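Two chains, two separate frames, one set of hints: put the complex together.
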Amino acid sequence: EAGVTQFPSHSVIEKGQTVTLRCDPISGHDNLYWYRRVMGKEIKFLLHFVKESKQDESGMPNNRFLAERTGGTYSTLKVQPAELEDSGVYFCASSPNARRRYGYTFGSGTRLTVV
Amino acid sequence: AQKITQTQPGMFVQEKEAVTLDCTYDTSDQSYGLFWYKQPSSGEMIFLIYQGSYDEQNATEGRYSLNFQKARKSANLVISASQLGDSAMYFCAMREGYSSASKIIFGSGTRLSIRP
Chain V
1 EAGVTQFPSH
11 SVIEKGQTVT
21 LRCDPISGHD
31 NLYWYRRVMG
41 KEIKFLLHFV
51 KESKQDESGM
61 PNNRFLAERT
71 GGTYSTLKVQ
81 PAELEDSGVY
91 FCASSPNARR
101 RYGYTFGSGT
111 RLTVV
Chain U
1 AQKITQTQPG
11 MFVQEKEAVT
21 LDCTYDTSDQ
31 SYGLFWYKQP
41 SSGEMIFLIY
51 QGSYDEQNAT
61 EGRYSLNFQK
71 ARKSANLVIS
81 ASQLGDSAMY
91 FCAMREGYSS
101 ASKIIFGSGT
111 RLSIRP
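Quick note, the sequences are listed as chains V and U, same order. Each step along the first sequence adds one to the number in my numbering, with nothing skipped, and position 7 is 7. Each step along the second sequence adds one to the number in my numbering, with nothing skipped, and position 108 is 108.
Here chain U stands alone, though its shape is the one from the complex (with noise of 0.2 angstroms):
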């Protein structure tokens, strides 16, 4: 059955570092997607950034990139020169096969904390 882990239930990170957020997955499929969805505190979510598991380079989104290591089966989400708006949790979730029309699992999310 897939699972998501995510470890860190909570981190605090002084403004402008990098952050990388753990995440480490299990699934029997060979086709899968990965993601990492955004919560503020106003609630929505908002998608960030999507790897596949065929994809050859790690995904990159502006100042967020994804650390793909598909032997570990991790995806790391890591944020460079975070900013006080980052502040919010974070959840990476995937999909199993490649229809955007199968589930995704999620994990239970990491609180980040940007320090000004």
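This is chain V alone, in the form it adopts within the complex (with noise of 0.2 angstroms):
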């Protein structure tokens, strides 16, 4: 089965610029999830859908960032105005449901630096 896959893989914005993050998660996964590595931090959670809705937002740092899943297919995370503290790994996860002993699959992550 093909994986987790995400787009752009890298992307440099200028301070104050929009930019869109994808991810195209396995086929079949309901559930799909963000979450953000700033340098040398821990990887912190931002948001989980199911489905097309949103499970849990807990994690979104501010109202700068918007995340919607299209027909609980494809996810875009959207970050507008962009500011410096943005920049990092932004990475796209799914898993299916009820398989407990199942990790996530991961993407291979949207390195975003904001300039």
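In silico DMTMM-like links for lysine to aspartate or glutamate, alpha-carbon gap of 20 angstroms or less:
hint : chain 1 : residue 1 : chain 2 : residue 2
1    : V       : K41       : U       : D26
2    : U       : K73       : U       : D22
3    : U       : K70       : U       : E96
4    : V       : K44       : U       : E44
Please keep in mind that the hints were generated in silico from the structure rather than gathered at the bench. Predicted model, so just to flag it, every value in this text is computed and none were measured.
Structure below.
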């Protein structure tokens, strides 16, 4: 099966610009997660979709971040306007339901640099 | 609140030696799962091993084993006979509850470097 795909792999934008990250989960995985790792720190949870619904968005840092999951398939994470502290690696992951011993399958991440 | 602590920011190990990566966790739940992920320089996150809180035996997956000390709330990863390809970041993680839909939280990671 195809893995979790993230696009772009790298993005360099100026402060104040808008960036949209995309994640295509494994087909059939209802659960989709966004995480972020700022340089040298832990990987922080941002939010969790179950199909097209936001199950938990407690990790979203502020209202400059907007996540959507169209029709329960791919998801986008938009940062508008981007600030310097938004730089980091954004990971997307997906998982099926019910299989408790199953870890997430992660994408390769999008490295975002805000200058 | 749940928390994962990895106290070793970096480790150097000679090839073929065994290595233990430390992880302690904090949770008030009785049901939880513990994970280890590997992140090589290419960036992807690779699932290595899982331990459930009610599992009686330590989890093993090939050269990886998880030393689960429930009373001490520790879940150390042991890599036997280390190889050069084991050089990577390693993240300990925890999920409260048994549903695969619950979110996973991560520690800050340990960078492991294997010397030839």
